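Following this note's numbering, the numbering of the sequence shown begins with 24 at its first residue and continues without gaps.
Derived from the structure by calculation, the hints contain no laboratory data.
This one's a predicted model, so the numbers in the text were calculated from it and none came from an experiment.
Check before you lean on any hint, since a few could be wrong.
[Claimed, not checked] The following label-pair restraints were derived from C-beta to C-beta distances:
{"hint": "1", "residue 1": "Met42", "residue 2": "Pro99", "range": "35 to 45 Å"}
{"hint": "2", "residue 1": "Arg100", "residue 2": "Ala62", "range": "13 to 23 Å"}
{"hint": "3", "residue 1": "Asp79", "residue 2": "Arg100", "range": "15 to 25 Å"}
{"hint": "4", "residue 1": "Asp79", "residue 2": "Val54", "range": "35 to 45 Å"}
{"hint": "5", "residue 1": "Met42", "residue 2": "Ala101", "range": "38 to 48 Å"}
{"hint": "6", "residue 1": "Pro99", "residue 2": "Ala43", "range": "35 to 45 Å"}
Where is the CB? At the ideal position from N, CA and C, for every residue including glycine.
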Amino acid sequence: MVPVVERVQPPPVSALWLMAAGRKCLRTSHVGRLMVEAARLRTVSETDRTVQAAWDSDEDHDDEARDPMDVRIPVPRAP
Numbered sequence: 024m025v026p027v028v029e030r031v032q033p034p035p036v037s038a039l040w041l042m043a044a045g046r047k048c049l050r051t052s053h054v055g056r057l058m059v060e061a062a063r064l065r066t067v068s069e070t071d072r073t074v075q076a077a078w079d080s081d082e083d084h085d086d087e088a089r090d091p092m093d094v095r096i097p098v099p100r101a102p
């Protein structure tokens with residue numbers, strides 16, 4: 024029996040960035056730096072989803088129409 028290896032797919036932003044960097048490679052960037060940047064983009068993407076979920080679950084905000092790309096980070100308030 025052949026083991027099934029699951030491939031990890033990068034998010035679209037990371038994939039596009041990596042493809043663009045590979046196409047115009049001037050041999051000044053190495054793979055390690057590209058992978059670090061891809062990981063950073065993934066982290067930002069995950070943070071955006073977390074912030075959006077927190078915003079959507081907040082009952083105190085107005086029911087205003089908003090741009091889905093307009094991410095608002097909740098401001099902590101002093102007690």
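Here is what the structure says about each hint:
For the pair Met42 and Pro99, the beta carbons lie near 38 Å from each other, so the given range of 35 to 45 Å is met. Take Arg100 and Ala62: their Cβ atoms lie about 32 Å apart, and the range 13 to 23 Å is violated. Distance hint for Asp79 and Arg100: a CB-CB separation of about 20 Å, consistent with the stated range 15 to 25 Å. One distance hint, 35 to 45 Å for the beta-carbon pair Asp79 and Val54, holds here, with the actual separation near 37 Å.
Between Met42 and Ala101 the C-beta distance comes to about 46 Å, which sits within the given range of 38 to 48 Å. One distance hint, 35 to 45 Å for the beta-carbon pair Pro99 and Ala43, holds here, with the actual separation near 37 Å.
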